[in-house]
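Q: So the protein lines, in turn, are chains B and F. Counted from 1, the first sequence has number 406 at position 406 by the numbering used here; the numbering is strictly sequential. Counted from 1, the second sequence has number 438 at position 14 by the numbering used here; the numbering is strictly sequential.
Everything labelled a hint here was simulated from the structure, so no lab data went into it. Hints are not guaranteed to be accurate.
[To be verified] Here are the computed lysine-lysine pairs in the DSS-like style, where the Cα-Cα straight-line distance is at most 25 Å:
id, chain 1, residue 1, chain 2, residue 2
1, F, K563, B, K13
2, B, K7, F, K565
3, F, K490, B, K412
4, B, K412, F, K437
5, F, K504, B, K412
6, B, K412, F, K496
7, F, K563, B, K7
8, F, K437, B, K7
9, F, K446, B, K412
10, B, K165, B, K142
11, B, K7, F, K632
12, B, K329, F, K504
13, B, K13, F, K565
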Amino acid sequence: MIRFLLKGILRDKQRSLLPVIIVSIGTMLTVLLVCWLNGFLGDSIEMNARFATGHIKIMTAAYQKNIDQVPNDLALSGVDSLMMKLRKEFPDMKWGERIHFGGLIDVPDNKGETRSQGPAIGFGIDMLSGDKSEIERFNLEKSIFRGKLPSHKGEILMSEDFSKKLKINPGDTVTLIGSTMNGSMALYNYTVSGTIVFGAEAMDHGSVIVDMADVRAALDMDNAAGEIVGYLPDIYYNEENANKVVARFQEIFPLSGGEFSPVIMTLRQQNSLGNMIDMIKSVGSLMVFVFVLSMSLVLWNAGLLGGLRRYSEFGIRLAIGEDYSHIYKTMIYESVLIGIIGSIIGTVVGLLGSLYLQEHGLDIGSMMKGAAIMMPSVFRAHITTNAFYIGFIPGLFSTVAGTMLSGIGIYKRKTARLFKELEA
Amino acid sequence: MENSKIISIEGLKKTFSTTGGKFTALNGINLEFGKGEFTGVVGPSGSGKTTLLNIIGSLDSPSEGKAIVLGKSIGELNVKQSAMLRRSQLGFIFQSYNLLPVYTVFENVEFPLLLLNMNDGQRKKMVLDSLEWLGLTDKIKSMPSQLSGGECQRVAIARAMVKKPEIVLADEPTANLDAANSHHILKSMVQLNKEFNTTFIFATHDDKVIGYLHRKISLVDGKVAKDEITNN
Ligand SMILES: Nc1ncnc2c1ncn2[C@@H]1O[C@H](COP(=O)(O)OP(=O)(O)OP(=O)(O)O)[C@@H](O)[C@H]1O
Ligand SMILES: [Mg+2]
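Input sequences plus hints: build the corresponding full structure.
A: The structure is reproduced here in structure tokens:
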């Protein structure tokens with residue numbers, strides 16, 4: 001009997017190949033979407049973490065209050081000893097000192113007159129100490145567009161866009177006009193060693209990247225830093241662990257209420273990133289939900305139609321003396337089989353596609369022009385455990401549910417009715 | 425031919441609820457059928473022939489009265505019991521053949537035996553015998569779509585006969601066939617009736633069929649108008 005039924009499934013492409021293809025496609029799309037969203041969410045957060053917020057960030061209370069103005073006069077001082085303490089207390093964490101600054105980049109011609117000029121957003125990070133971790137965090141080596149990384153004091157990187165705007169080539173000299181920690185004007189000459197493209201709109205605009213020691217020299221910020229960013233050992237931001245670090249930090253550095261006492265913030269507490277995370281997360285789960293639901297409806301329907309078109313076959317089988325319940329059971333087994341095969345194929349293909357996106361990404365930079373928040377312009381998928389089973393919701397459960405529903409129809413109809421439909 | 429009663433129908437009524445209210449398709453039928461009969465239920469369209477055959481075949485149940493088939497009261501069987509009755513004792517032949525399209529001739533005829541859990545060897549022999557009675561031995565591997573109408577109907581007869589049922593119910597078996605094919609299948613059925621003493625009950629208004637009947641029951645408006653023995 002089972003062999004007989006299997007023969008039927010295999011010969012009737014409408015019962016085998018077609019539903020398997022439909023289920024596979026539905027499952028595959030579900031898996032792809034989920035992985036894509038995972039990747040997008042993780043990357044967006046991670047990108048902000050690497051460039052701006054860290055997983056946690058330490059600054060002075062006053063700096064934090066005025067953070068939008070990049071108030072370097074309120075920067076942390078005595079950073080060396082603070083860093084030493086942090087490294088001792090949190091050996092698993094990675095720490096980095098940062099100085100953000102605003103200023104004008106002035107490009108002189110060979111007579112010393114201004115040839116072009118533009119406002120710059122400056123990032124002071126460690127590039128020359130020999131510790132490569134900040135270079136890696138900013139992905140500088142891979143982001144070089146022209147020229148090379150700074151190798152000496154006095155060399156800086158500039159975003160490719162900005163350099164084009166100012167008509168600068170690697171090797172040219174520029175002057176940074178800014179203000180020192182004490183509020184007086186700072187003038188400092190740098191050589192542009194190379195240009196960079198980050199692939200993040202917000203970063204590619206008008207940024208210059210300067211070694212920490214050079215910024216300190218230019219802005220009179222010896223042993224000071226606007227911010228200290230910290231990174232958890234987790235690949236992606238982990239709220240729980242971040243909160244633990246914060247709690248421990250607050251034990252060591254109880255809030256004194258002083259303007260210059262260090263305060264600590266998690267990624268979630270900064271730049272309204274918390275809202276953004278929540279929003280992306282809920283929009284993401286909503287999308288997954290809607291998608292899984294609609295895929296479920298499609299596959300449910302496919303299961304339903306698959307059952308309905310076989311009413312005449314069921315009528316014949318009933319007349320010949322097969323039991324209702326036996327027909328119903330075979331129908332369900334069939335759809336379970338189809339659902340499992342389709343879901344497995346769909347999940348495997350979906351995961352392979354996601355793996356490709358995870359490794360290579362999909363460049364959507366052109367669609368992201370002018371985006372204000374920092375979002376990765378290369379979409380990458382991230383395969384998480386739920387990707388391995390989520391496709392089975394539409395692929396298996398909905399297919400079977402649709403079949404079950406259509407099967408109830410054969411109970412509801414009198415056998416003779418099935419024949420009426422069949423004679424027609 | 426011994427004439428033991430295998431079907432008895434008493435005061436049978438069948439009503440359908442339709443949008444226009446209740447419709448009475450069978451209105452007080454009293455009939456008896458003996459083993460080995462070759463009987464036709466005739467009458468104009470809508471007179472209730474199919475309805476009567478469906479009830480005898482336990483595909484439908486009486487609204488009132490009794491239909492006792494092979495000792496079983498049709499109205500009192502649950503779905504499992506009526507499936508059991510059809511599976512073991514009844515064969516059906518339909519106007520539109522109703523073969524399973526994805527199965528070969530052999531497999532179509534094999535299906536009723538699979539439901540009876542017969543062992544492979546016995547099953548194969550019975551299928552081949554049945555196909556031989558109907559002259560289909562060279563079509564064993566064909567699909568229904570490759571057969572002519574007459575051949576399809578012969579496969580359907582083979583499928584109905586393969587388990588040697590007590591009763592074969594044939595609803596307009598010749599309606600889709602030309603004269604030559606009609607006579608061919610009717611002769612086959614006469615042959616099988618003689619050989620196995622299988623009871624055949626037809627629903628028909630085809631004169632060709634009527635010409636082969638031993639007994640003719642005329643229905644008019646859900647009532648038996650005439651019940652006569654014919655000289656065939
Ligand atoms: N399921 C049903 N619901 C409502 N009315 C029905 C149903 N089945 C049959 N009828 C009605 O009962 C009457 C008898 O139908 P039946 O099919 O038994 O006629 P018949 O004698 O077989 O006709 P034909 O020669 O056209 O096949 C018809 O008027 C038909 O419309
Ligand atoms: Mg009829």
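Q: Okay, which hints does this one fail, numbers in order?
A: 8, 11
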